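> Sequence:
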Amino acid sequence: MRHARKLKRGVLSGNSFKLIIRDWQGDKDKTIQQLEGMKANGIANYYGSQRFGNEGQNINKALAMFDGAKVGREQRSLYLSAARSYLFNQILAYRVSRKIWNQPVAGDTYMFDLSHSCFKSELPDADIIRRLDAKEIHPTGALWGKGDADVSADTLNLEQGIIDAYPELAQGLIACAVDKDRRALRVNVQDLQWQFVNDTVLELCFTLPAGSYGDLGIT
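Sequential numbering from 2 applies to the sequence shown in the working numbering.
Since the hints were made in silico from the structure, they are not lab data. Mixed in with the good hints there might be a few duds.
To be verified - Each computed DSS-like pair below joins lysine-lysine, with the alpha-carbon atoms no more than 27 Å apart:
hint, residue 1, residue 2
1, K29, K121
2, K40, K100
3, K31, K136
4, K147, K71
5, K100, K71
6, K19, K29
7, K19, K136
8, K40, K19
9, K181, K121
10, K100, K181
11, K19, K31
As the list claims (entries may be wrong) - Label pairs and their computed distance ranges (CB to CB):
hint, residue 1, residue 2, range
12, T201, D180, 46 to 52 Å
13, L115, G54, 24 to 30 Å
14, K121, A176, 24 to 30 Å
15, D24, D126, 21 to 27 Å
Computed from a predicted model, the values in this text were never measured in an experiment. Glycine is no exception: its CB is placed at the ideal position from the N, C-alpha and C atoms.
Turn these sequences into a full structure, and let the hints guide you.
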């Protein structure tokens with residue numbers, strides 16, 4: 002509902018979506034299976050493509066800024082965010098490719114669902130696995146910058162290997178004094194409902210917490 006006061010940064014709790022996919026084509030049974038999987042297991046918490054600008058140009062602009070190009074204050078914040086988000090997406094994509102984006106890895110830091118509070122775990126135990134299965138906690142990935150790694154063991158090696166592949170972005174963020182942080186690799190899709198209005202129209206309704214994107218990746 003509309004409110005008389007401007008919505009300030011940090012006070013948004015989430016977003017509700019209603020999407021109508023027209024001219025839908027595909028395997029209906031497969032699509033329903035994917036949606037049921039998302040409802041049960043959550044989705045990979047990628048940053049959406051809009052974070053990176055038209056054809057991903059915000060990354061090139063970030064590199065130019067790191068190389069000395071002058072930019073305004075708002076653009077600087079935008080490009081730093083894009084660079085950090087890009088590195089996070091690469092870490093998440095790596096773990097997705099190995100089917101460990103929602104599974105424990107030695108040295109992980111976990112984030113509580115609907116919270117920014119985290120805790121470290123050197124080795125996953127039965128309680129960690131139970132809480133992951135219940136979607137109470139989620140593995141996290143690095144939002145790169147200066148500061149401690151906050152992970153160890155296999156996770157540290159995994160993330161450092163990804164970061165080392167993009168030295169200009171990683172070093173640029175550190176040089177700009179961006180503080181390192183963590184982001185959940187998984188997000189729960191709340192109140193996910195769907196219906197096929199007809200053979201070519203699919204309607205989706207769902208809610209996501211603030212900072213997550215509605216690119217569900219349905220095929």
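> Next step is simple, just say for each hint if it's right about the structure.
Consistency of the hints with the structure:
1. Among the hinted pairs, K29 with K121 is inconsistent with the structure: their alpha-carbon atoms are about 41 Å apart, more than 27 Å.
2. Taking the CA atoms of K40 and K100, the gap is near 18 Å; set against the 27 Å cutoff, the hint holds.
3. For the given pair, K31 sits about 23 Å from K136 by alpha-carbon distance, which is consistent with the 27 Å threshold.
4. The straight-line distance between the Cα atoms of K147 and K71 is roughly 22 Å, inside the 27 Å bound, and the hint therefore holds.
5. In summary, the hint linking K100 to K71 is not supported, as the alpha carbons are separated by about 41 Å, beyond the 27 Å threshold.
6. The hinted pair formed by K19 and K29 meets the criterion: a straight-line CA distance of about 19 Å does not exceed 27 Å.
7. The suggested pairing of K19 with K136 holds, with an alpha-carbon distance near 24 Å, which does not exceed 27 Å.
8. For the proposed pair K40 and K19, the alpha carbon gap of about 15 Å is at most 27 Å, so the pair holds.
9. Distance hint between K181 and K121 is fulfilled; the C-alpha atoms sit about 15 Å from each other, no more than 27 Å.
10. Annotation: proposed proximity of K100 to K181 holds, straight-line Cα distance about 25 Å (limit 27 Å).
11. Among the hinted pairs, K19 with K31 is consistent with the structure: their alpha-carbon atoms are about 21 Å apart, no more than 27 Å.
12. Between T201 and D180 the Cβ separation comes to about 48 Å, which falls inside the hinted range of 46 to 52 Å.
13. The hint said 24 to 30 Å for the Cβ distance between L115 and G54, and at roughly 29 Å that hint holds.
14. For K121 and A176, the hinted distance range of 24 to 30 Å is satisfied, since their beta carbons lie about 27 Å from each other.
15. Between D24 and D126 the Cβ separation comes to about 48 Å, which falls outside the hinted range of 21 to 27 Å.
Hints 1, 5, 15 from the list above are not met by this structure, while the remaining hints are.
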